[in-house]
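**Q** Protein sequence lines, in the order shown, are assigned to chains A and B.
Mind the numbering: the first sequence is residues 1 to 193 in the working numbering, read in order.
Mind the numbering: the second sequence is residues 1 to 193 in the working numbering, read in order.
Relax, there's no trap hidden among the hints.
FRET-style restraints, in silico, Cβ to Cβ:
{"id": "1", "chain 1": "B", "residue 1": "D109", "chain 2": "A", "residue 2": "R78", "range": "24 to 34 Å"}
{"id": "2", "chain 1": "B", "residue 1": "H2", "chain 2": "A", "residue 2": "E134", "range": "34 to 44 Å"}
{"id": "3", "chain 1": "B", "residue 1": "E134", "chain 2": "A", "residue 2": "R78", "range": "19 to 29 Å"}
{"id": "4", "chain 1": "A", "residue 1": "P129", "chain 2": "B", "residue 2": "G192", "range": "28 to 38 Å"}
{"id": "5", "chain 1": "B", "residue 1": "D112", "chain 2": "A", "residue 2": "E81", "range": "19 to 29 Å"}
{"id": "6", "chain 1": "B", "residue 1": "L33", "chain 2": "A", "residue 2": "D74", "range": "42 to 52 Å"}
{"id": "7", "chain 1": "B", "residue 1": "P191", "chain 2": "A", "residue 2": "E81", "range": "44 to 54 Å"}
{"id": "8", "chain 1": "A", "residue 1": "Y35", "chain 2": "B", "residue 2": "P63", "range": "47 to 57 Å"}
{"id": "9", "chain 1": "B", "residue 1": "E131", "chain 2": "A", "residue 2": "P191", "range": "30 to 40 Å"}
Every beta carbon over 10 Å from chain B, so not counted as near; a handful from chain A, in silico:
{"id": "10", "residue": "H2"}
{"id": "11", "residue": "R37"}
{"id": "12", "residue": "S45"}
{"id": "13", "residue": "R50"}
{"id": "14", "residue": "Q52"}
{"id": "15", "residue": "P102"}
These are computed hints drawn from the structure, not numbers from a lab.
Built from N, CA and C at the ideal position, the CB exists for glycine as well.
2 protein chains.
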Amino acid sequence: MHIAMNTFAARGYNNASLAEIADRAGLTQAGVLHYFRSKALLLTSVLELRDQSGIEQLGAGRPQGLAFLRHLVDTALRNAEREGIVRLYAVLSAESVTDDHPAQDYFRDRYDGLRAFVADALREACELPDEDTETAENAANAVIAVMDGLQVQWLLAPGSVDMAASTDLVVTALLTSLAPHRFGPDGEIRPGG
Amino acid sequence: MHIAMNTFAARGYNNASLAEIADRAGLTQAGVLHYFRSKALLLTSVLELRDQSGIEQLGAGRPQGLAFLRHLVDTALRNAEREGIVRLYAVLSAESVTDDHPAQDYFRDRYDGLRAFVADALREACELPDEDTETAENAANAVIAVMDGLQVQWLLAPGSVDMAASTDLVVTALLTSLAPHRFGPDGEIRPGG
Chain A
1 MHIAMNTFAA RGYNNASLAE IADRAGLTQA GVLHYFRSKA LLLTSVLELR
51 DQSGIEQLGA GRPQGLAFLR HLVDTALRNA EREGIVRLYA VLSAESVTDD
101 HPAQDYFRDR YDGLRAFVAD ALREACELPD EDTETAENAA NAVIAVMDGL
151 QVQWLLAPGS VDMAASTDLV VTALLTSLAP HRFGPDGEIR PGG
Chain B
1 MHIAMNTFAA RGYNNASLAE IADRAGLTQA GVLHYFRSKA LLLTSVLELR
51 DQSGIEQLGA GRPQGLAFLR HLVDTALRNA EREGIVRLYA VLSAESVTDD
101 HPAQDYFRDR YDGLRAFVAD ALREACELPD EDTETAENAA NAVIAVMDGL
151 QVQWLLAPGS VDMAASTDLV VTALLTSLAP HRFGPDGEIR PGG
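Isolated chain A (complex conformation) (with noise of 0.2 Å):
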């Protein structure tokens, strides 16, 4: 499955041929194709080993508000020793919107379910009113959507991108700009805040 999910990552779900992959495990075409019936479904599998390996564990002993945001800077650091998943994830991922690819409805669901659990962190880390989705969900789809971006250029240039500082960078600065009552200029919870 390994082998899969670097073949995947280093040529993408729509260039990768089962040919190679069954090559680089030992197996014939045949015998991958036993196991995993086609390539759409080999590369669900394999996202699906990725989110074992997850970034988020969608879960209930999830870490909430403040802890879950604090968290995805965490993750941005761990990403930065784990450059396979990384590039898989960041190549699928923007692949899945060309025509017609297998991956499209899981990264449309894994958005929807990540925009939700960030906007209601941002939400309960601020104390935003419950009415006001828009600006949490605005907020919730930027801090996901930078650490997308820092994916590609961090794997063009490891040496010009700390994506765990730039995350870090974000998130304090939408928690103080969203609750300034709460956070101070460099994201410090303010005393009775």
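Fit chain B to the known structure of chain A by using the hints.
**A** For chain B alone, kept in the frame of chain A given last:
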């Protein structure tokens, strides 16, 4: 050329075939190769054309400082009217991190150039000390990243993503965070700031 652009946007570079591009253009494959020599050179021409229709006119008339940062928000607004170019850019920039991709140098250079422009604009707008290159570059990478990341989300779910509003939130929050003496909580320039 627009046919090649649309085909690369719809399929990615690796998965686009010269035969399909030629067919849609009413040419033979030999005819396309006569003009462009190779699929990789055709890609280069498409990227140059895209730069002309371009998000950032990097010439001398480019707005400076705060005006440049506001221009990026306008760009995000205009991008919501040009799905084709956004898709081309989102797909190719991420695909460029795959092995031996012919646009890898193009995107590496492009991010280097953009990083320098945005960092300069932030330094000027926020009156950051020249020696504080790290903060300006981390913030610049974040601004570029948020614009890129939003494009993928928007392509997958245009109704759930307001690229301009999310970009504006981040630019405004960063300005206030980097230069609280100059910018108020809504990004307005403070009197005398």
